[in-house]
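Listed below, chain by chain, are the residues.
Protein chains: 4
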Amino acid sequence: MNILVWNEYRHEKENPVVSDVYPEGIHGALADFLKKDGHTVTTATLDEEEHGLTEEALDNADVLVWWGHKAHDEVEEDIAERVKQRVLDGMGLVVLHSAHFSKIFKKLMGTGCDLKWREADDKERIWNIDPTHPIAQGISQYFDIEKEEMYGEHFDIPAPDELIFLSWFEGGEVFRSGATFKRGNGKIFYFRPGHETYPTYYHEDVQKVIQNGVRWAQNTNGPKHQYGNAKPLEHISEK
Amino acid sequence: MNILVWNEYRHEKENPVVSDVYPEGIHGALADFLKKDGHTVTTATLDEEEHGLTEEALDNADVLVWWGHKAHDEVEEDIAERVKQRVLDGMGLVVLHSAHFSKIFKKLMGTGCDLKWREADDKERIWNIDPTHPIAQGISQYFDIEKEEMYGEHFDIPAPDELIFLSWFEGGEVFRSGATFKRGNGKIFYFRPGHETYPTYYHEDVQKVIQNGVRWAQNTNGPKHQYGNAKPLEHISEK
Amino acid sequence: MNILVWNEYRHEKENPVVSDVYPEGIHGALADFLKKDGHTVTTATLDEEEHGLTEEALDNADVLVWWGHKAHDEVEEDIAERVKQRVLDGMGLVVLHSAHFSKIFKKLMGTGCDLKWREADDKERIWNIDPTHPIAQGISQYFDIEKEEMYGEHFDIPAPDELIFLSWFEGGEVFRSGATFKRGNGKIFYFRPGHETYPTYYHEDVQKVIQNGVRWAQNTNGPKHQYGNAKPLEHISEK
Amino acid sequence: MNILVWNEYRHEKENPVVSDVYPEGIHGALADFLKKDGHTVTTATLDEEEHGLTEEALDNADVLVWWGHKAHDEVEEDIAERVKQRVLDGMGLVVLHSAHFSKIFKKLMGTGCDLKWREADDKERIWNIDPTHPIAQGISQYFDIEKEEMYGEHFDIPAPDELIFLSWFEGGEVFRSGATFKRGNGKIFYFRPGHETYPTYYHEDVQKVIQNGVRWAQNTNGPKHQYGNAKPLEHISEK
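Residue numbers (the UniProt record's numbering), protein chains in the order written: chain A, 1 to 239; chain B, 1 to 239; chain C, 1 to 239; chain D, 1 to 239.
Excised from the complex, chain A in its bound form (with noise of 0.2 Å):
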């Protein structure tokens, strides 16, 4: 399968406390456990030419990953709305962290996709609560992570397809971490972990989640449908 990672990657180039986390930045890290999976993983980051989502770079990719967080407002409208036409064509796209705000995942759905944060060090605990799903797969009934920052409900999404993962925070919160979600061709799926600050993204869990949920979002399938004005496959009688 064929993965583009996109990252943001201006916390890395301007605070030394993030790139100490990511040297080779948060999609370098990404990168290197997809790689592990058994994909072919490219990176494109914001201030590459078309953000590095260039018609070529999409047609490629099987998945994209996304995570943005202080730029959102920097990725250019048309090819937000590029990678938007991709994805109802058919591309998978996982959606991590602060990337609930980015252009791309607000307007596939629909919503604000606002919610409660605060960065404090709080340890948050991930439930899964589908004992049935992919994106589960080798994940136990719940996975600590130490130190978060906190994401909490109400988070304004329209009500998943599926709800896979739900957060238990320290100062009080809970929210809808692993979401999936269906548009047009293209299946999404939403995972709460991973600020910039913390080393997350080395979590053999938030890991394992996210392999599976790349695995998952994946669309195979074969004949696209056709839509317009279309002959009947009956006979009308005369009224």
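Note that these hints are calculated values from the structure, not bench results. Treat each hint with caution, since some may be false.
Copies of the same chain are indistinguishable here, so a pair counts whether it falls within one copy or spans any two.
[Said to hold, decoys possible] Subject to a maximum C-alpha distance of 20 Å in a straight line, what follows is the list of computed EDC-like cross-link-like pairs (lysine to aspartate or glutamate):
id : residue 1 : residue 2
1  : Lys231    : Asp62
2  : Lys36     : Asp62
3  : Lys239    : Asp144
4  : Lys224    : Asp130
5  : Lys147    : Glu162
6  : Lys70     : Asp32
7  : Lys147    : Asp205
8  : Lys182    : Asp20
9  : Lys182    : Glu14
10 : Lys224    : Glu238
11 : Lys35     : Glu119
12 : Lys36     : Glu238
13 : Lys103    : Glu50
14 : Lys182    : Asp161
15 : Lys70     : Glu234
16 : Lys208    : Glu48
17 : Lys107    : Asp73
18 : Lys182    : Asp156
19 : Lys103    : Asp114
20 : Lys224    : Asp205
Add chains B, C and D to chain A, keeping to what the hints say.
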């Protein structure tokens, strides 16, 4: 309840076949049977200033009913955004027939909202598949519309929160004809029938469904959710 | 609306801690605030003849509220089947707390309905995650219950039709605390709180949710669906 | 994967019309094309000891395929319960055609599972309405079955987790023909076609859907959830 009925109101002015069926416009016909249900109903049309969708008009509307077809592109972008925002803030929305392709519905769904169609006097039979839903209250197992435009699957929408009606068409197609969606604080009901050249909005069952849909779409819930930075509700330990 | 409140009514007779909290029984407390909401409320308990669930009592009930805990097995099989059938025929059902393990709820869900639990004075915080749902009307972003029994995921139910409330527990768990299901003509609302040793059913928000839930669960829809052999509605060609 | 195909196997022994179509029994036809898909397939039938559904046979099955019609009541209660329990424990289940009325399906759904039906050589057209679902992989926009028994709405099932196929019938009905459900650790796929007097299970698209359905229904997830009394994971304050 205050209902705002919006109609493109172009076919009626250009095509005598349509104005013969709806001499007061489609909005007039819709307003008529909604008033009979006890509501305060106002109407607005495309060619009015701001399409009749001023901030004030929207602020006063508990539920907006929308019919459009040939001039979706003439709805100004910022007014479409304004309407979308009002839905997310809690105004109900009933989307009729060809409004599946309206800017507002596409923005709220996040998908292309395309479908198959045919104008060939198909008989349509609408099956009620949710015997518990308030929108199906008073509706029998099915009802027939003698002649209608055909809409066929695949209907490119997200999986609805609730699926209430399925259509059978004489020419061989099926369609998800009554479906609900929630976006933010807004409740949305899509209902298929209503091609402009047929007297569909005089059909007793069609009127009943739209009356039910408008009632269902009103959101009277109280306190609004807050978003953004949030103080902890519990003590967070030092780590 | 006619509401029938059913309570096992054993803890109150055997344990003074419970009877101190609920001197009129849990059913008495529930009936009290439902009457204040304008309904006609009757009660029934396990040790009555036919558990108080005669054909007549059920025929008169628009909605049944159910609380049980330690004596689920003493509900006779044919009476559990009778109640199930009435729900499928259109009586609403509100299932409270430990009734997750009642025969009637397990029959309607088709699953084991198991969960984690702990009696340790956990603080519970119930988050409202559906700002549009009539069952959440008047409920703020969250409300706290100072001390409650903990119920934790995985809660072994089918994916709910709608998920309205999520609980946070002090001891580290989360739970899907408010969920709706439809079965046949019946609407079912499960609501988590209400361990017998705590004054939970005097909590204003808990009362509000149960009042809302009872209203939501009533199905007033009209014509019933027919099943079995059906004559064709259209001509079937010779083949 | 190990697949167990269960068939009532009565029509074939009593009605030469059926045995002419399925000389090796319906189970034989099903097993045949599932073997071609690379699986290890065994079969079991009603008149075998324990209906062929011994503990051992079920323990070895990753997925069970079920066809029954006229003798649902002859499946012993405790064996139906045994099969249900295995599904809840993680065995996949593919339920075909008239097995909508099987004990096992009704127990897992919690509803009556009734529908309309007619044996009148209706043409059936099955529309694919989920272009992303693995069960629809390789299936075009629709496929036709020249002659089939009609099943019509209302189909008395819970709202499916996913709706994949809708049927159009020549005589004027529609039906939710392909639907998924999760119960406990088990994944369930209901697929409508397959009346015993028609060669439906030789239809290439029908075979493809069942092959896809069997693959989808396998649950390979790892650690099982634990239930019952649970120690706190965090400190609970004195109150």
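How do Lys147 and Asp205 come out at 20 Å by Cα distance, when the copy is not named: within, between, both, or neither? Answer is within; shortest intra-copy Cα gap is 15 Å, inter-copy 32 Å.
Indicate which option fits the pair Lys70, Glu234 if close means a Cα-Cα distance not exceeding 20 Å: within, between, both or neither. neither (55 Å within a copy, 28 Å between copies)
Checking Lys107 and Asp73: alpha-carbon separation at most 20 Å within a copy, between copies, both or neither? both (13 Å within a copy, 18 Å between copies)
Classify it for me, Lys36 with Glu238: is the Cα-Cα distance of at most 20 Å met within a copy, between copies, both or neither? For Lys36 and Glu238, neither the intra-copy (64 Å) nor the inter-copy (35 Å) Cα distance is at most 20 Å.
Between Lys182 and Asp20, at a C-alpha cutoff of 20 Å, which is it: within one copy, between copies, both, or neither? Classified as neither; 36 Å inside a copy, 42 Å across copies.
At most 20 Å between CA atoms: does that hold for Lys103 and Glu50 within a copy, between copies, both, or neither? Cα proximity of Lys103 and Glu50: one copy only (15 Å, versus 26 Å across).
How do Lys103 and Asp114 come out at 20 Å by Cα distance, when the copy is not named: within, between, both, or neither? The answer is within: 12 Å in one copy meets 20 Å, while 22 Å across copies does not.
Within a copy, between copies, both or neither: which one fits Lys182 and Asp161 at a CA-CA cutoff of 20 Å? Both: 7 Å inside a copy, 13 Å across copies.
Is it within a copy, between copies, both, or neither that the alpha carbon of Lys224 lies no farther than 20 Å from that of Glu238? neither (33 Å within a copy, 33 Å between copies)
If the cut is 20 Å between Cα atoms, do Lys224 and Asp205 qualify within a copy, between copies, both or neither? Between copies, since 16 Å is at most 20 Å while 35 Å is not.
Check Lys35 against Glu119 for me: Cα-Cα at most 20 Å, and say if that holds within a copy, between copies, both or neither. neither (31 Å within a copy, 46 Å between copies)
Intra/inter-copy verdict for Lys239 and Asp144 if alpha-carbon distance must be at most 20 Å: Result: close only across copies, 14 Å inter versus 67 Å intra.
Checked against the numbered hints given earlier, the structure breaks hints 1, 5, 6, 8, 9, 10, 11, 12, 15 and 16 and satisfies all the rest.
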